[in-house]
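Modelling step: build the complete structure from the supplied sequences, incorporating the hints.
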Amino acid sequence: MGIMLLPALNNILEFLFSREVILYLIFGVLTTLVNLVVFTLLSRLFGKDRWYVSNLPAISLAILFAFITNRLIVFQSSGPWFSEMIRFVGSRIFVSLAFEYGFMYLLYNVLKFKSGLKIGRFELSYAKLLVQVLVVLGNYALSKLFIFQV
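Numbers in the working numbering are just positions in the sequence shown, counted from 1, shifted up by 1.
Where hints are given, some of them may not hold.
Computed list of lysine-lysine pairs in BS3-like fashion (alpha-carbon distance at most 30 angstroms, straight line) [claimed, not checked]:
no.: 1; residue 1: K113; residue 2: K49
no.: 2; residue 1: K49; residue 2: K145
no.: 3; residue 1: K119; residue 2: K49
What follows is a set of in silico ranges between Cβ atoms, one per label pair, in the way DEER data are often shown [claimed, not checked]:
no.: 4; residue 1: V30; residue 2: L57; range: 17 to 27 angstroms
no.: 5; residue 1: S79; residue 2: I27; range: 31 to 41 angstroms
no.: 6; residue 1: L7; residue 2: I87; range: 40 to 50 angstroms
no.: 7; residue 1: E15; residue 2: S116; range: 18 to 28 angstroms
no.: 8; residue 1: F147; residue 2: F16; range: 10 to 20 angstroms
no.: 9; residue 1: A9; residue 2: P58; range: 36 to 46 angstroms
no.: 10; residue 1: V111; residue 2: Q77; range: 16 to 26 angstroms
no.: 11; residue 1: N110; residue 2: L17; range: 26 to 36 angstroms
Since the hints were derived computationally from the structure, they do not count as laboratory data.
Keep in mind that this is a model prediction, so the values were computed, not measured.
For each residue, glycine too, the CB sits at the ideal point set by N, CA and C.
Right, here's the structure in full:
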C-alpha cells in the first residue's frame, strides 16, 4: 500500500513545485501585500471598526495587480483579454464578497477576532490574514479552471 502512494505523492509534489504554482504563490503573496498595505493604511485613516470602508479600495487595487500579473506572467494567457478580465473581475468580486466581507464579518464582528500583529505603529489584523489564505486558494481554483486560456 505504501508503494502505491508514491506515484500519487510524486504527482502532488510535481504540481506543488510547478512553475505555475510557484509563480502564482509569489504573485499571490505580492497581491496580498498590496491588499494588506492599502487596508492597513486606510484603517489608520478611517479607524479599525470601519474596516468595511478600508476594504473596498484594498480589494480593488489587489484585483487589478493580480489580473495583470496572472494574465501576463503566471498563466501566460493568449485568450481575449477583455473576456478574461470580465471573468477575472467577476470571480474576484464573488470571492471578495464571500471571503473578504462574509468571513471578515464572521471573524471580526461575530467571533470578535479583533487582535492583530503589531508591526511598529501598525497593527495587521489576524482575521484579515486568515481571510487572505482563503482568498488565494479560491482565486487559484477559479483562475485555473474558469478564467485564463492558454
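Which hints, by number, does the structure contradict?
-> When the structure is compared with the hints, numbers 2, 5, 7, 10 turn out to be violated.
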